[in-house]
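Asks: Spelled out from the first residue to the last, the chains are:
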Amino acid sequence: MSLVSTTSKIDRLAQLTAGTETSSGASLWREAMRRLRRSKPALIGGVVIAAFVLLAVIGPWIAPYSPTDQTWRGEVFSNRGEFVGARAENWFGLDHLGRDVFSRMLVGARQTLLVGVVSMLIGLLVGAVIGLVSGAAATLGGRFGQRIDDLVMRVTDILLALPSLLLAVSVAAVMGQSLTTVMIAVGVVQIPVFARLLRGSMLAQGGSDYVLAARSLGIRKRRIVVTQILPNSLSPVIVQATLSLATAIIEAAALSYLGLGNPDPSVPEWGVMLSQAERFFDNEPMMSMYPAVAIIITALGFTLLGEAMREALDPKLRG
Amino acid sequence: MSLLELDGVKVHFPVRKGLLFNRTVGHVYAVDGISLKVEAGQTYGLVGESGCGKTTLGRAVLRLVDVTDGSVVLDGTDVAKLPEKELRTFRRRLQMVFQDPLGSLNPRQNIESILSEGMAAHGIGADQDERRERIRDILAKVGLPSNALSRYPHEFSGGQRQRIGIARALVLEPDLIICDEPVSALDVSIQAQVINLLEELQESMGLTYLVIAHDLAVVRHISDVIGVMYLGSLVEEAPSDALYEEPLHPYTRALMSAVPVPDPEVEDRRERILLHGDLPSPANPPSGCRFHTRCPWAQPKCAEERPELTDAGGGHKVACHFTGEIKAGTLRRAGEPEPSAAPEPSAPAKTVPPQAPAPEAETPEAEASEGSSGEGKPGAKAPGAKASGEK
Ligand SMILES: Nc1ncnc2c1ncn2[C@@H]1O[C@H](COP(=O)(O)OP(=O)(O)OP(=O)(O)O)[C@@H](O)[C@H]1O
Ligand code: SF4
Ligand SMILES: [Mg+2]
Numbered sequence: 001m002s003l004v005s006t007t008s009k010i011d012r013l014a015q016l017t018a019g020t021e022t023s024s025g026a027s028l029w030r031e032a033m034r035r036l037r038r039s040k041p042a043l044i045g046g047v048v049i050a051a052f053v054l055l056a057v058i059g060p061w062i063a064p065y066s067p068t069d070q071t072w073r074g075e076v077f078s079n080r081g082e083f084v085g086a087r088a089e090n091w092f093g094l095d096h097l098g099r100d101v102f103s104r105m106l107v108g109a110r111q112t113l114l115v116g117v118v119s120m121l122i123g124l125l126v127g128a129v130i131g132l133v134s135g136a137a138a139t140l141g142g143r144f145g146q147r148i149d150d151l152v153m154r155v156t157d158i159l160l161a162l163p164s165l166l167l168a169v170s171v172a173a174v175m176g177q178s179l180t181t182v183m184i185a186v187g188v189v190q191i192p193v194f195a196r197l198l199r200g201s202m203l204a205q206g207g208s209d210y211v212l213a214a215r216s217l218g219i220r221k222r223r224i225v226v227t228q229i230l231p232n233s234l235s236p237v238i239v240q241a242t243l244s245l246a247t248a249i250i251e252a253a254a255l256s257y258l259g260l261g262n263p264d265p266s267v268p269e270w271g272v273m274l275s276q277a278e279r280f281f282d283n284e285p286m287m288s289m290y291p292a293v294a295i296i297i298t299a300l301g302f303t304l305l306g307e308a309m310r311e312a313l314d315p316k317l318r319g
Numbered sequence: 001m002s003l004l005e006l007d008g009v010k011v012h013f014p015v016r017k018g019l020l021f022n023r024t025v026g027h028v029y030a031v032d033g034i035s036l037k038v039e040a041g042q043t044y045g046l047v048g049e050s051g052c053g054k055t056t057l058g059r060a061v062l063r064l065v066d067v068t069d070g071s072v073v074l075d076g077t078d079v080a081k082l083p084e085k086e087l088r089t090f091r092r093r094l095q096m097v098f099q100d101p102l103g104s105l106n107p108r109q110n111i112e113s114i115l116s117e118g119m120a121a122h123g124i125g126a127d128q129d130e131r132r133e134r135i136r137d138i139l140a141k142v143g144l145p146s147n148a149l150s151r152y153p154h155e156f157s158g159g160q161r162q163r164i165g166i167a168r169a170l171v172l173e174p175d176l177i178i179c180d181e182p183v184s185a186l187d188v189s190i191q192a193q194v195i196n197l198l199e200e201l202q203e204s205m206g207l208t209y210l211v212i213a214h215d216l217a218v219v220r221h222i223s224d225v226i227g228v229m230y231l232g233s234l235v236e237e238a239p240s241d242a243l244y245e246e247p248l249h250p251y252t253r254a255l256m257s258a259v260p261v262p263d264p265e266v267e268d269r270r271e272r273i274l275l276h277g278d279l280p281s282p283a284n285p286p287s288g289c290r291f292h293t294r295c296p297w298a299q300p301k302c303a304e305e306r307p308e309l310t311d312a313g314g315g316h317k318v319a320c321h322f323t324g325e326i327k328a329g330t331l332r333r334a335g336e337p338e339p340s341a342a343p344e345p346s347a348p349a350k351t352v353p354p355q356a357p358a359p360e361a362e363t364p365e366a367e368a369s370e371g372s373s374g375e376g377k378p379g380a381k382a383p384g385a386k387a388s389g390e391k
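In order, the protein sequence lines correspond to chains A and B.
Numbering follows this note's numbering, in which position 199 of the first sequence is assigned residue number 199; successive positions increment by one, without gaps.
Numbering follows this note's numbering, in which position 172 of the second sequence is assigned residue number 172; successive positions increment by one, without gaps.
To be clear, the hints were calculated from the coordinates, so they are not data collected in a lab.
Note that this is a predicted model, so its numbers are computed, not measured.
Every residue, glycine too, gets a C-beta built ideally from N, C-alpha and C.
One or more of the hints may lead you astray.
Said to hold, decoys possible - Below, a sample of chain B positions facing chain A; criterion: calculated Cβ distance under 7 Å: (1) R23; (2) T24; (3) F98; (4) G103; (5) N106; (6) A121.
Claimed, not checked - Dumping the calculated DSBU-like pairs for lysine-lysine here, alpha-carbon to alpha-carbon at most 35 Å: (7) A:K221 x B:K301; (8) B:K37 x A:K221; (9) B:K327 x A:K221; (10) A:K221 x B:K81; (11) B:K17 x A:K221; (12) B:K37 x B:K10; (13) B:K85 x B:K37; (14) A:K221 x B:K85; (15) B:K81 x B:K10; (16) B:K81 x B:K37; (17) B:K17 x B:K85.
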């Protein structure tokens, strides 16, 4: 499950930075995990995500038909408004080109997950680097550092103030239509979010007593940032990463919907499917429903888990 | 020469405003001209109510905040002007114990890592084994089991965490340890243990402390000299006993009168100087004597001229224009009953009964010193003391 692997990675990181041979482990994380397991939203979110990831992995193998072959071409006449709905052979019916929608949904999960994860990672990595620089400069860089931080934050504020879809559309318009464009466009939107978040979190940690203690011990500033401030600033970023997987999937779908999505018809993707089905919504609304509902459910799953993690990690709620 | 000498230390925080360009629109005068000396091997206790700038002063000594003006001289070196590079190595000689034991320990570091980090930064101990040896030593000294090494801060109780904080300061063998409200976050029963530990360590290791507290009871026991702070400056400084026997500054007297006394009879008669109003904002301090907005004895002069900290005899320093008059009882307090109500109004200096300072009240002799009108010379005997109780 993706949740376990991400948190255990951070878990290891936390232990690493604590410089121990790990017998009792970084039990702060363990405590958070314990609380997470008892939370219903986390459970529901986790199950949804697990199902989604499982689909993304095995989808192509369990799909009953080819997602791209127009096997039932002769039965669908989209110009005359004749469609084929759910039936025994095609559980979700046929699309406008006579392809099996159920198979396309199963195979499309992978692409959807890929778009979500890659865009989130673009936002996370670039945003984290900016946030780290800004946060480190602001907490320990003195007056000069504060200038740098001010500047960086003004820029991210401006980016944040732009409607995200507008930003994504602009990026997509500049780069042309392709899958990479979608991922970059959606990722760019997340950059200021992650930057601001990590920087804010580092600032909060930077003013804490243990950082003051580290400074009065005479530990080098760079080391303080890396071993003290950063590890303690990561949990909100992880929460945000989970939450932004949801928005990334929706935004990628929105871009596809606006016709800026992946033009390659051989790879089904939920967002593209939704945008194509929308044209026939009046005659065959169910064709739009399947991808739409799937997108909503997965986004909800990531949101539920993200929110539950936020709660589990919130130190104010910790006993 | 004293180990630590502060001279006219000021820490002013700029208040910035503005969207694109930050303009400085004012200052918070957190510490505003403090001079004091801490002798090697002694304990200087610094008291004052919340927000008066104690923590800021402590941080200024370690230069965790920038010193706006004045000098902080430790053993001949002015910390306030030390270049950043030298400062890092110099910090070994100055250590701090923090108010919040849990908050001052990184939750993701185990005790060994917390305690060895400073040593590593200063190249103390050849390798981790040697450092571990030393840490075990210190742990024993502060009363922690040596199996604490691999555990994390949240696995300890509040008192134990503060012991870890003390151990962290001790491993570097500093010249001066600043304890910022070292026990105020702890249970009362544990406070005494930690205070005793600090005292034992001082005896066995010859440590010098600057202890910050917001209540007098905590510092009284361990301090050699006590300084009372109000709104960024010292209002009174005296050897511990002298301060308790005869607090001279109106603010100190108010502080002492706020300490309840266990003996109910004494408690009934105890002088109570209630301060009206809140602590003024350090961003906009009152003119003249900082205390004049709340001082029951305030006179017109007080709002105009700022009193200097001057020796009132025997190393007892007070910053008040009317120390003599208040001590003699010739100056009347605002809201005080008419002199006719007092037993012998014609000779207030002689007969206005004393306050019973809290520490005196703890001893049997305190029985004799009863307060009636709540003003006057501490220590003077007042036979007709019940007067005020009957009114
Ligand atoms: N970094 C800062 N920037 C601006 N103002 C500050 C800063 N640090 C402290 N102050 C202000 O300086 C004043 C003194 O604060 P300080 O923490 O030194 O008080 P204190 O006596 O330690 O109080 P407490 O007993 O509550 O700890 C307060 O008004 C506080 O708001
Ligand atoms: S100088 Fe005036 S206001 Fe200040 S403490 Fe003395 S009497 Fe009060
Ligand atoms: Mg404080």
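Asks: Take the hints in turn and mark each one as holding or not.
Replies: Status of the hints after comparison with the structure:
1. R23: Violated, about 13 Å.
2. T24: violated (12 Å)
3. F98: holds (5 Å)
4. G103: holds (4 Å)
5. N106: holds (4 Å)
6. A121: At about 5 Å, which falls below the 7 Å cut-off, the nearest Cβ of chain A leaves the hint on B:A121 intact, so it holds.
7. A:K221 x B:K301: violated (49 Å)
8. B:K37 x A:K221: The given pair, whose Cα atoms are some 31 Å apart, holds under the 35 Å limit.
9. B:K327 x A:K221: Status violated; Cα separation ~52 Å.
10. A:K221 x B:K81: Status holds; Cα separation ~19 Å.
11. B:K17 x A:K221: With Cα atoms ~28 Å apart, B:K17 and A:K221 stay inside 35 Å; holds.
12. B:K37 x B:K10: With a Cα-Cα distance of about 15 Å, the restraint between B:K37 and B:K10 holds, given a limit of 35 Å.
13. B:K85 x B:K37: holds (26 Å)
14. A:K221 x B:K85: Given that 35 Å is the threshold and the Cα spacing comes to 11 Å, the pair holds.
15. B:K81 x B:K10: Holds - the C-alpha atoms of B:K10 and B:K81 are around 13 Å apart, at most 35 Å.
16. B:K81 x B:K37: Holds: B:K81 and B:K37 sit about 18 Å apart, inside 35 Å.
17. B:K17 x B:K85: holds (31 Å)
Going down the numbered hints, you'll see the structure goes against 1, 2, 7, 9, while the others check out.
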